[in-house]
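Visitor: These are the residues of each chain, in order.
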Amino acid sequence: MRWYRALRGLSGAAHRALPLRQAVLHRCGFSTSAAARKDFFQDLESQFKAFREKAAAAMPGSDWSPIQVTKGLPPERADIVIVGGGVMGWSVAYWLKKKEKVRDGVRVLVVEKDPTYSQASSVLSCGGIRQQFSLKENILLSLASADFLKNINDHLGVVNEDPVDLQFNHSGYLFLASPDVAPIMEENYTIQRDLGAKVILLSPTQLKDRFPWINTDGIALASYGLENEGWFDPWTLLNAFRCKAMSMGVYQCFGEVTGFRCSSQKAETTDGDFVNIKRIKYVDVRMPNSLEYQPVECAVVVNAAGASSGKIADMLGIGHGPKQTMAGIPLPVEPRKRFVYVVHCPDGPGLECPFLIDYSGFYLRREGLGGNYITGMSPEETEEPDVSNLDVDHDFFHDKVWPLLCHRLPPFECLKVSGAWAGYYDYNTFDQNAIVGTHPLVNNMFFVTGFSGHGLQQSPAVGRAVVELILDGGFQTIDLSAFDFKRILYHEPILERNIV
Amino acid sequence: MAAPVLCQMRRRCPVVAYLSVVRREYASSPPSPPSLFSRFLFQLNQHFHDVEHLINWSSWLRNRVVRRKNVFYGYTQKRFGVNVAAAYYILGLGGGFRFAGHSDWFRPDSRGKFSYDFLNTPNSTIEEIDLSRTLINHAGLENIVSQNELRSLSLQGCPEVDDWFLARLHVFGESLQWLDLSHCPHITVGGLAALQHLRKLRRLDVSSLPRLQNPGLVRILLEEMLPHCEVIGADYEQGLILTDNVEEAEPVRHK
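Chains as they are written, first to last, in full-length UniProt numbering: chain A, 1 to 500; chain B, 1 to 255.
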């Protein structure tokens, strides 16, 4: 077909050239004037040029095709489809390629619905990393991630690209505790020190000495991270993961997952009940702004869709079964909207400003060197804002955040809100911790979701853990079996004993 | 296919290493456009696996020197104690040190050879370390964190010292008085913020840090953060744009 078109181009050139030659001969008789000959050869040249262009378009390797093909379609087959191209999805993609035994051993496809990442939780977060958790798994994940970020250019450096500059700001988290929660903080501190996190406890006097701008009324104890804590630019990390993964051969596709095609088989439980066990065969990926979709045949699906991962699980019928059965329990992850306010405070703390988290719930960190700060807090469970859009509620800052802020930090009585944005949390309503692993009724979907706000900081380590689960069949470095889906089926929450 | 390309590459290997070194330089000066040969090489890199492997090997070999120099001296620590291990590490890197209570400095000679006299005093701790223009990085720092009486540390012109290194310096928080960070190409303001844990610091040199965008402002902020410390090496006006008419809305006051 291509060659036919090229040939037609050639014959067209010949046909058009011939009458011209006759016309020239006719007009000039036998005298071949220099001007006419030049005209003829000029024309011939342009005809040849057109022919060469057509021939190049028909050559193998060009994107021209006789059949109209939509650009950006995903491949028809992939071994592993990752739903969600946020930092978690790309981290899983990177580790899959890193850990594959032979080159191009696994064919990985990452499907992201929003090419601009305008609503992605990764990019709209505050970008903090801390080790001050109470669960062993969370602390270890965070330590491993800090180690990854420390050597990020060994991991994510791409040949012929600039080195990755995360703009990491090494300022620790400062947690403030009231007398009621001080014992919990002490227990957490012991666990963190045992696992190797560099944290110190500060009495109110020491706190006043280090940070004279904090009002220590009502504070019994504070814990402060010395190392491996701080904040960085989330977009840089996401992009570094993406560039590295794509340089290693991961396929990227912008489209939305609209459904799954599964095979199912009946299985009998030990109690004698029959359950339907599903296996995903195809993932339907719909192209943006069109109704066209492409089924992608795959072996494993990774659900890293963050705030919309509940919707993805719903497509598989998780939670549709009768109540009180395994099939009747949905994935407890839903989007929650959180506001982040940028305030300008000329008298605020300088370079020593930590990532402050007060027991009343608000947080504050420095942004740049010009006296700008980022602040916000989680609303009450009963006052959750509407999640249909990302509009900012400015009254929330005036009524809820500011009074607490200027009680704790008197310099912030005088400030100006210079910007604000909102982002989604992939909020796990069950126990606010990650869900990592498979669902018992869908045996080839791996969940990597529900991080409830600390997904970005744990993404490098969680990506590695999930890949170990997929490729090696079990956790090798950090044991995350506590984060399995089973805890939701058994109603055994593992709660973070946090002070906020 | 592989063999001829491999032979060709082996002859050009030093150039590859040189090119990759150029790529690693941080953007302190505007990067020069890659040469014709390097562009050709990266074109090959996209199509041939053996070229890709060679480029990876060359970068691995280059980093191997830094890694070997900064390996953790666990055996020496077990056998001779932490002080001897720290001293051995410093001399192996090409730096110098002074024990507490002594006046003479231990340094390797121009050929990198040094005497092992420090083995005779396993209990004396190190008070001053001069590691200027050595390859120390955050991994190698683990060898000297045991020196809790360290008073002076010079890291002038160390190409591998970065923000993570500065974040680890909090271990010397109760002793360090003098710190020289001048001419370190990777230090940014994000790492300087971690120096707040050095409460005893009296003198800090931050001159010629190419990745600081406005050194004058950073100096002011550092002086605020460490009130007892003298910050040298940056003028207040450096990197600041001075304007006369600054109009800004009044901040609102909370009632």
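Any given hint might turn out to be false.
Quick look at which bits of chain A chain B covers, simulated, 3 or more residues with Cβ under 8 Å [what the hints assert, rightly or not]:
#: 1; stretch: 218-230
#: 2; stretch: 262-274
#: 3; stretch: 347-359
To give an idea of the interface, some chain A residues facing chain B are shown, with a C-beta separation under 10 Å as derived from the structure [claimed, not checked]:
#: 4; residue: K99
#: 5; residue: E100
#: 6; residue: R103
#: 7; residue: L149
#: 8; residue: H155
#: 9; residue: G157
#: 10; residue: V159
#: 11; residue: G370
#: 12; residue: N372
Hint data in this document are derived by calculation from the structure and do not stem from the laboratory.
This structure is a prediction, so every number in the text was calculated from the model and none was measured.
Every residue gets a Cβ at the ideal spot worked out from N, C-alpha and C, and that includes glycine.
Visitor: Hint by hint, say whether it matches the structure.
Guide: Going through the hints against the structure:
| no. | hint | verdict |
| --- | --- | --- |
| 1 | 218-230 | holds (count 4) |
| 2 | 262-274 | violated (count 0) |
| 3 | 347-359 | holds (count 3) |
| 4 | K99 | violated, 17 Å |
| 5 | E100 | violated, 14 Å |
| 6 | R103 | holds, 7 Å |
| 7 | L149 | holds, 8 Å |
| 8 | H155 | violated, 13 Å |
| 9 | G157 | holds, 8 Å |
| 10 | V159 | holds, 6 Å |
| 11 | G370 | holds, 8 Å |
| 12 | N372 | violated, 12 Å |
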